[in-house]
Structure formats: C-alpha cells, structure tokens
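**Q** For reference, the chains in residue letters:
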Amino acid sequence: MNMLSHFPVYQVIIPILAAFAIIFVPVHLSYYLVILSVCVLISLNIYGLGILDDSIRYYLGGWSAPVGIEYKLDYLNQPLLLVISLMLLYTMLSVGSSCFSVFNAKLNEEDGHSRVRKKQNIKLFYFLLLILHAGVCGIVATNDLFNLYVFIEIASLATYVLLAISSDKRALIGSVNYLIIGTVGASFILLGVGLVLTTTGSLNFDDVAARMPSVIESKITILGIASFVAGCLLKMALFPLHSWMIKAYRHATAGVLTYIAPVSSIVSSYMLIRFIYFVCDINYLHDNLYFGQLMASIGTIAVILTSYRALKAQTFRDVVLYSAAAQIGYMTMCFAVNSSEMMGVIISFALADILTKVSLFIMVIGVEKSESESLEDGIYPSRVFMLISIIVILSNAAIPLSLGFVNKINILTILMNHSYYLPAIVMVATSILALEYNYKLLKIIYVAQVKEHYLIALWPALISYLVLFYNQDIIKTIGATVS
Amino acid sequence: MLFGNFIFAAAAILLVIGLMIILVRDSYFIKMIGLAIFQNSMLLFYIAIAKISNGVPPIDQLKPMVYSSPLPHVLMLTAIVVGFATLAVGFALIKRIYRKYTTINASELEL
Chain F
1 MNMLSHFPVY QVIIPILAAF AIIFVPVHLS YYLVILSVCV LISLNIYGLG
51 ILDDSIRYYL GGWSAPVGIE YKLDYLNQPL LLVISLMLLY TMLSVGSSCF
101 SVFNAKLNEE DGHSRVRKKQ NIKLFYFLLL ILHAGVCGIV ATNDLFNLYV
151 FIEIASLATY VLLAISSDKR ALIGSVNYLI IGTVGASFIL LGVGLVLTTT
201 GSLNFDDVAA RMPSVIESKI TILGIASFVA GCLLKMALFP LHSWMIKAYR
251 HATAGVLTYI APVSSIVSSY MLIRFIYFVC DINYLHDNLY FGQLMASIGT
301 IAVILTSYRA LKAQTFRDVV LYSAAAQIGY MTMCFAVNSS EMMGVIISFA
351 LADILTKVSL FIMVIGVEKS ESESLEDGIY PSRVFMLISI IVILSNAAIP
401 LSLGFVNKIN ILTILMNHSY YLPAIVMVAT SILALEYNYK LLKIIYVAQV
451 KEHYLIALWP ALISYLVLFY NQDIIKTIGA TVS
Chain C
1001 MLFGNFIFAA AAILLVIGLM IILVRDSYFI KMIGLAIFQN SMLLFYIAIA
1051 KISNGVPPID QLKPMVYSSP LPHVLMLTAI VVGFATLAVG FALIKRIYRK
1101 YTTINASELE L
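Chain order of the listed sequences is F and C. So in our numbering, spot 471 of the first sequence is number 471, and the numbers just go up one at a time. Positions in the second sequence are counted from 1; adding 1000 to them yields our numbering.
If you're looking for bench data, these hints aren't it; they were derived computationally from the structure. Predicted, not measured: the structure shown is a model, and the values here were computed from it. Errors might be hidden in some of the hints.
To be verified - Keeping only pairs whose Cα atoms sit at most 25 Å apart, straight-line, the calculated PhoX-like set for lysine-lysine is:
hint, chain 1, residue 1, chain 2, residue 2
1, F, Lys123, C, Lys1051
2, C, Lys1100, F, Lys369
3, F, Lys169, C, Lys1051
4, C, Lys1051, F, Lys312
5, F, Lys219, C, Lys1095
6, C, Lys1095, F, Lys408
7, F, Lys369, F, Lys312
Stated by the list, open to error - Now the stretches of chain F that chain C is said to cover, found in silico as 3 or more residues with beta-carbon under 8 Å:
hint, stretch
8, 160–167
9, 190–200
10, 209–216
For every residue, glycine included, the Cβ atom is placed at its ideal position computed from N, Cα and C.
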C-alpha cells in the first residue's frame, strides 16, 4: 500500500503534526513551517481532485464503514477542502505578518513579559491557526456524525482563543460570549446526533441515510433532526442567533478574521447541506414537516433585519459584519427549495461570499489603521487601494457583471420557479438596500485615506471574476453529487 | 414504565437548569458552571440510551448474552474531554477579563 493512498486522513493529520512541530522549531522558522504545511496540503488536495472518481472512501484504522470512522471525499467536499487550504495560505501571505505585529504590540503593553515568553506567544498563535485548520478540514472530510461533533469542538476551541487575542480588551467579552453560545450550539448538535443514533443505531452518514426512510416518521428522529439543524443554524449565525458573531468579531483582530469569518460561514453551511441532503430524507422534510416554508420565513426575516441594521451601522467594520449576516440570510433562503440544482447554487454563493468577504476584511485592516494614524504631509492616499475597494464593494453589492449578481439571479429564478414569491420580492428589495450600505462603505473608504498599498486584496476580487466564467459548471458538478 | 423513562426526564431537567443558569445569572463564573451542567445533561442522556433492560457489560462473557451498547460510553469519554477543554478555555478567558476589568459580571461589562 503506497503512502498516497492514505491522503484523505493526511488532510487532518498534517496540520495537527505541523502545529505540534511548531513548538520545537525556532521562532523565526515557525512562519515558514506553517506556509510549508499549507503548501503540502494544497498539493494533496490537487492530487485528490485529480484522482477523484465519484467518491474516495477511507477507513480509519482499517475498520470498515458502519463500524469504524470513515472519511469520504466527493465533488462537494474535495474542492471545498482545496478552497479552505488556499484561504489559509492567502491569509498567511497577506496578513500573517500584520497579525504578528498586533501580537507584538499587545505583548509590549503588558509588562513583565520576557523575550522568551514573547516568542512562545507567537508560536501559540500559529499553533492555534493550524489546529483550527485541522478542525475545519476534519468537519469537511469526515463521514461520521460523532467525528463531526469532535471536529466542530476542536475548531471552535481554537476560534475562541484566536478571537480573544486583540489589542482591544473588549474582544475578551465577545469571545467568552461566543464560547458560551457556541458550546450550547455544539451541545444541540450532540443531542441531535444522540437522538438519531437511538432510532437508526448508526453514526455513519451513508448508513444513517439508508436506514432513515424507515424511521423518519418517529418523533424521536424528527426531534434529533430539529436539534441538529438548530445547532448548525446557531453556528452559522443566522438572524435571531447572530448576535454572538457581531459581538465576537467587532473587537477581534481584523487579520485573524480574514480567515475565521469566511471559513466558519462556509463550513457551517456545508455541514447543513451535508446533513439535510445526504443524511436526512429531504423529500419527507419538505412534504410533511414544512421545512421549506420554515427556512424561507427565517431567511426572509433575517435578511430584512440584518439589512436594516447594516443601514444603521456606523463604522466600516459593523457594516461589513451586518452585510455578512445578510448574506447568511440569503443562503438560508436557498435551503427552502428542494432541488439538487439549489445545492450547487448555495456552494457557488458561499464561494462568492468568501471571496468578497476576505477582501472586505483586508480593507477593514487598512481603514482602521488609517483611522488610528493621521495622514502626514507629503504622503498621498493610495489610489490603487481606492480602485480595489470599488471593485470589491461593487461585487459585494451584487452589481451586474459581478459574481454576486449572477448568483442572486440564479437564486431568484429558482425561488420564483418554486413559487416562493415573498422571499423573492424581499430579496430584490434588500438588494436595493445593499446598494445603500455599500455606498456608505465607499464613502468611509474615501474619507479614511488609506496610505498603504493593500494590493493583495485584489486577488480574491480577480478570482471571483474567474469563477464567474465557470459558475454554471460548478453548479452542475456539485448538483450531480446528490442523486 | 415511569421509572424506565425517569432518567431521560432527569437529563431534560438538567438541560433546562443549565440553560436557565446561563441565561439568568449575571456572573460569567456561574454562567460557566451552568454550561458545565448543560453539557453533563448530554452525558447522562447518552449513557441512558445505551442501557438495555437486563443488559450486562460486554466484558469477559463466554456465553451469548444481552449486553448494553458500549458505543455511547466510548463516545462520552470523548465528550467529557471536550467539555473539560471548553471549561478550561472559558475559565482562562474569564480570569483574563477579571485582570483587565476587575469584575466578571455581565451587566457591569456591557457598557
């Protein structure tokens, strides 16, 4: 058996091993170790995409499927793993050093820290980032319900600490609130898993899916599904439960958010897609339990209220956060429709969302830096940065000729075809509101006079135009994985 | 029958008590204790679903017998570790909050 046949599990093992290796390497090499391990992961993912044929199954420890833990890679999660690893590489290359400087600034203000301690703290930061990445990769790769829960907790624990590291002490309160709410959400997922286990007697996704039709009418199963979905929506930060996201992200380091904010939203929506479409009996949920109507109504209310809050928000970061919450609302609306095409649209929408969100958070760094320092004579604000901002904000506002626009049109068409007229109308109306608050972002950028060339923010915007060309192919390929 | 399902009711009561403490109490320290109670209700629930009436532990039995499912017990070993780690991180954050603000009451911190 050659080494590469184990590659599904390497996606989780490599970040964990690299994280522990960081403890033993010199501090100036730790940054390069992270970059190296992420590059290895990316090459493994590309290899995986190359040999992918329908699905790749991997049994941990050689225990076959229903007994042991199984990892399964298909056209839905293998590309997602590649995207997430690329995101980490991008974050490290673009803002890794700025996170670094925040860390140093924070340590300098605290007395009594020796030089050795400072080095250890920088190592701790990379350690946490890699553990978070391992957790996220595990959530995406696994095919086992309980394993999913364990990886959710691994990722969450790393997130709590990363969000608490900030020069603003209010970040601590946001982080501890997130810890409480996040743990409650994860416990609901655990409860759902337990209830599904009682009726189906299995934890493997495929095995549960095979036994689901005979037990779906049991109230216990329905309660289990309901608590799992509630936990996922909490992790996703959907409207009534979105306050943790705003509180935790408002004072956190913007550099860390470029990785955490997009990845956590795409991964939690992936979790929901995997559970609803691949584990539950989706047709039963739609026909007998009003799942579609439920998701449509929650999504509609979420979109209206978060768009309103985005209009009222004052700072650049608040507008970005509420607009992110509104995007999650649109994504939830998509779950209302029972069609395999919609699943592709959700993933494509999430992809467009993370590409704009990354750029927006890099802009947050630029704006907040320029707000804290006044502009000296002889230094002019960066025009290139203005140009980039306009491209990114137009994409966020879903102006025609951007990926966001194409995705919104797709969602609108499908909603209309399934006669969800009210959500469709709300979607159009809030998209007009989106113009208003994105205009506010542009105004803030114009006033802020950002000095530095954050050219690296351009990359995701350019990639989003590349994705635009292949959008239909992505939707079809992902839609084909269900059936 | 009543006593057969009593343990599930107990788990549900613990769950509600835990949530209630998290929502009502002001101090973050007590909120974390509520969180611990909430998580432990899950442990109780999982242990309860493993039990089969007249079931014995599947250890060192030579003849065929009815045994309780060992799977939920194994799962809960992991969940205990996860709960412990969450509490540890939570208390570490609270200690840090106390050092910065000299209070850990939610009402005084939300200014």
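**Q** Tell me, which hint numbers fail for this structure?
**A** Of the numbered hints, 1, 3, 4, 5, 6 and 10 do not hold.
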